[in-house]
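Chain by chain, the residues:
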Amino acid sequence: MRWALKRSGANVAPWWEQLCVAGLWGGLLALERRAFLQAMFSRPLVAATGMGFLLGDLQTGLFVGLLLELFHLGGAALGAALPDHDTLAATTASAAAVLMAPDGDASPAMWSLSVLLCGGGGGVGRLLERGLERHTSRLARLAQRSAEEGELRRAMRQNLWGMWSLFSAFAVVTMLGAGLGLLLARPVAALPDPLLNGLALAYPAMLSVSAACAAKGSRARQAGYWAGLGGLLVALWMVARRLSEGT
Amino acid sequence: MSAGQMLPAGLSRGVLVRVFLRSLFLQAGWNPLGMQNLGMAYALYPALRALYPEGPALKAAVQRHLAFFNTHPYVAGAILGGALFHESRIAHGEEDASSVVAFKAALMGPLAALGDGFFWLSLKPAVGALSAGLVPLIGAWSVLLYLVLYNVVHLGLRARLYWLGLTRGDALVEEVARVRLPQRGALLRNLAAGCAGGLAVWAAFLLGAQQGGAQSGPLLTAGCLLLGALAYRALGWRVTRYGALYLSAGLAILAGALI
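As you go down the protein sequences, you meet chains A and B in turn.
Here the first sequence is numbered in my numbering, starting from 552 and rising by one per residue.
Here the second sequence is numbered in my numbering, starting from 69 and rising by one per residue.
Everything labelled a hint here was simulated from the structure, so no lab data went into it.
From the three backbone atoms N, C-alpha and C, an ideal C-beta is built for every residue, glycine too.
It is possible that part of the hints are untrue.
[Stated by the list, open to error] Simulated restraints, written as ranges between beta carbons of each label pair: (1) R248/B with Y776/A: 19 to 27 Å; (2) A741/A with A254/B: 25 to 33 Å; (3) V723/A with G123/B: 42 to 50 Å; (4) R705/A with A245/B: 17 to 25 Å; (5) A245/B with G630/A: 18 to 26 Å; (6) G682/A with A245/B: 37 to 45 Å; (7) R248/B with V790/A: 33 to 41 Å; (8) L629/A with Q251/B: 17 to 25 Å; (9) V169/B with V723/A: 50 to 58 Å.
Using the sequences plus the hints, can you model the full thing?
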């Protein structure tokens, strides 16, 4: 059985197959995030890597997910408040990045471009989830009415009906994000070298900022101190490694 | 006393497992009116059917659990277990129906605060930052590590809290307090911040080595570190995360065009 779509060679998966796989993964993760289990399959690092794997470019998914994981690390659904939909940002950005490179692996410039274009998808996802609450409110009223009328099984079923709208809405939006990647494949290939070079530099720059967001979002009492300590340890390790490679 | 004797009377192990599995759908019908009320009633339904005969008693029991309910989805297992503990006693005439309503109302707020503080604000950032920090070393295996580390704690505590609710009823509060989740949460938050700092340094070194070459490499590394430090400070001055992200990308694109 073939688990991932082929990205290069003679048998590249057709565009509609790629969009369907992206949409299915996006819809399932939207369910996992909100309606079922919440076992963190929907976190950006996992969601984007999974998307990369399914579309045939694991590395792109991993690095897009890494950046967005750090950027959204402090987000949390507390009470009725909704944070940015980091899952939608991750699935659309990773799908767009993979599909921007039709004949092989996406470059860091494409990772940056897809994050810049789809990173704001978190806000769109939050609005979408808020909008879908009208549907679940209707289902809740229907469940109350059914229970009053003694139709208890019908009342209980309403809990699961809300998942269809959630799945469908997020599957469609993820497909749109993936479609954006397909549409941009040619224009991106024609970008001038200085701009591509700049976009490639933008990835580590955004990763640094995302790490700062993560340190801030950790809510540690002395986050700056702990982040500095972590940075110092990594710097010492990297210098030691360079020195040992030199000798 | 064996474990089997401590379980609520009238409920088989099969029913209890079904309730636990259905509790994984607690938020499927989340709505602003009753929040997790649909999920709560849906999860408890097999047990209520086992405890009450078809008719007014079952209908009243279902309606009790269609009332407003909201807590952290992981710690809801404790309330579900406790609700079954009380429902079993209500069905056998040992308690008044209001006891289960009072039990849920008393616990959902404090347990939500406990769950939010430990799972959402401590465990999730810590495991996320640790796994992200290990990407340079173990690549995509860090994703698997993320899922295993998180879910060993998540599913373990979820099942344990359900069991405590089932067997201890109101006394579960003391057991939950003994786990000392807030203290563990503080340690996890420090770990998250430390991993984020480490990853920022790694990203800066990577940039210098891969993009800059021998001459401009150290300059780019220093620039990247400065950007991270400035972003950390700026986030405290009402600069939004998105603003910092897009500004850093703009600066990098400009630098790329000039170098």
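Cβ distance range 17 to 25 Å for R705/A and A245/B, holds or violated: 40 Å, violated
If you check the beta carbons of G682/A and A245/B, does the distance land in 37 to 45 Å? 40 Å, holds
V723/A versus G123/B beta-carbon gap, inside 42 to 50 Å or not: 44 Å, holds
Given the hint of 17 to 25 Å, check if L629/A and Q251/B actually sit that far apart at their C-beta atoms. Holds - the Cβ-Cβ distance for L629/A and Q251/B, about 20 Å, lies within 17 to 25 Å.
18 to 26 Å was suggested as the range; check whether the CB atoms of A245/B and G630/A agree with it. Since the Cβ atoms of A245/B and G630/A sit about 22 Å apart, the hinted range of 18 to 26 Å holds.
Holds or violated: 33 to 41 Å for the Cβ distance of R248/B and V790/A? Holds: the Cβ-Cβ distance is about 38 Å, inside 33 to 41 Å.
CB of V169/B to CB of V723/A, is that within 50 to 58 Å? At 41 Å between Cβs, range violated.
Confirm or reject the claim that A741/A and A254/B have a C-beta distance inside 25 to 33 Å. 52 Å, violated
When you take the CB atoms of R248/B and Y776/A, is the distance between them in 19 to 27 Å? 23 Å, holds
When each numbered hint is compared with the structure, violations occur for hints 2, 4 and 9.
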